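Each chain is listed here by its residues.
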Amino acid sequence: MQFSKEEVRKVAKLANLDLTEAEVERMAHDMGEVLTHMEQLSSLDTSAVEPMTQVLFAAPATASLREDAVREKTLLGTEDALRNSALSGAGHFKVPRVIER
Amino acid sequence: MENLSTLTIGEVKQGLKEKKFSAVELARAAMQFAEAENPKTNAYLSFSPELAEEAAKQVDAKLAHGEDPGLLGGVPIAVKDVLSTKGVKTTCASRLLENYVPAYDATAVERLKASGALIVGKANCDEFAMGSSNENSAFGPVRNPVALDRVPGGSSGGSAAVVAQGTAVASLGSDTGGSIRQPASFCGVVGVTPTYGRVSRYGLVAFASSLDHVGPFARNVSDAALVLEAIAGRDELDATSAFAPVDDYQAEMRKPVAGMKIGIPKEYFDGLEAETGDKIYAGLEVLKKLGCEVKEVSLPHTAYAISCYYIICTAEASSNLARYDGVRYTARAEAAGLNEMYSRTRGEFFGMECKRRIMLGTYVLSHGYYDAFYLKAQKVRTLIAGDFSNALADVDALIAPVSPFPAFKIGEKMADPMQMYLSDIYTITGDLAGIPCMSVPCGKTAAGLPVGMQIFSGHFKESTMFRLAYAFEQAGGVA
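So the sequences go chain by chain: C and S.
First residue of the first sequence: 38, per our numbering; consecutive thereafter.
First residue of the second sequence: 54, per our numbering; consecutive thereafter.
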């Protein structure tokens, strides 16, 4: 399977991923090779097979549900939540301007 | 002080009990030794002397009061740098998280601490656990302590290397497609991937959530089982965490193996290097002498496993890695607009293998390709899991090689990602099926490179696997 540089750029845009020209070239080659291997799956008849959407859960389906109440243990305060942010201020994450006035 | 590089958990406990050394003395000696030895392998990314010292003081205080210091009381342990450690940097071997300090502990780490373990430091790995050689770390590859010009395997290469090198008594790693078993086999230590859901994934930085497992590395089977016992069990913070009770592995693994039935999956002996195959067959002879019945079985969908795995894991990875957008997780590339900032940050800080997997995952999930790739792979996963349940209905466990070949040279397989992916052929199936599996040392090649024997058992039957591994080890294994 051929994977073109144009297709690479399209997928990279979907993935919000900047690639250099050299990376686009490398990616076109690598993705072509890997996807060619993956295409072998089409030779297998799976018309009567259910997809595996849950790995393993040997308990009633609702067993992991809980009361909709605050769980103190996983409560992250503003300070902790913002500690790893690239840029913050006034108790918020700061990002580049989104709307032009 | 005992010889630190060969210390086992049993020896630590005995030494503390007989007052040969205190936990604080051991912590300091272990820390000093680990820091001095590390430049040889680059197996640790960071050290946590304060954590180790503090834990050691508590162990000594408990011992002084005649209290139980815990299952792992005073044991120096390393943690793969994809497991969150409160207040201690967790980089995932990525430039993107170079300065990330979690505000909470992963459940597995919390349980290590609760059992008295001394956390020595964070182990190097492939970036976001993506790789089979530990060469994808943004902070340099790890060298195999057995042969310094070779890879330790991946992605938990650092976790395997510290145990082999002797700079930790045991360690934690994660396994998504073989990332515990393959490095364990390359470095000649024991590595365990428990049943999916057996150990909580809470605080494990997500790579592919339906395939990610946390598990231990150790110098012997008993130690590995002990570390697993300390971290296993239901955790309400992980919705996929299992309710099944945790067995008493120390008692179960000592039961005799005579009469146990072992299956040999014939598909796992094609394309294998001769020397590796010879060692596995020699291992089977040891088990036969102990009274195990050995018969050939078939896992007919094995040939489809690589495709199935790399579709599912890249799809889940592309989704899990979407959170690294330059807002919440430290690294940001400056740009005038928001979307530009996202793309630039990700382009600048992710390494090539992460980019490749994000791209493949985005593609197989994208409109028009979802049915042909992702849905198809989920169906094939059902077939692969079915192969194992059919085989394990007839036998207690399956035995196979871990890797088609022993540790390869650094740089040897980096040029061709498909060749690297193909090297995971014998390990990815266990993750796809969610069953427990492990690598136990099974001799060395003529060049002195370790070979690992893989044992698979049924869901939640870690005891069965440990029983075979322990009997094999006690019988002397393979020279």
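Hint data in this document are derived by calculation from the structure and do not stem from the laboratory.
All values derive from a computational prediction rather than experimental measurement.
Certain hints may be false.
[As the list claims (entries may be wrong)] Computed list of lysine to aspartate or glutamate pairs in EDC-like fashion (alpha-carbon distance at most 16 Å, straight line): (1) S/K110 <-> S/E88; (2) C/K131 <-> S/E393; (3) C/K131 <-> S/E103; (4) C/K110 <-> S/E289; (5) S/K139 <-> S/D113.
Hint check:
1. For a cut-off of 16 Å, the pair hint linking S/K110 to S/E88 is broken: about 20 Å separates their Cα positions.
2. The hinted pair formed by C/K131 and S/E393 meets the criterion: a straight-line CA distance of about 15 Å does not exceed 16 Å.
3. Restraint check for C/K131 and S/E103: not satisfied, since their Cα atoms lie roughly 33 Å apart, outside the 16 Å limit.
4. Distance check on the hinted pair: C/K110 and S/E289 sit about 11 Å apart at the alpha-carbon level, within 16 Å; holds.
5. As the CA atoms of S/K139 and S/D113 are separated by approximately 23 Å, the hinted pair breaks the 16 Å bound.
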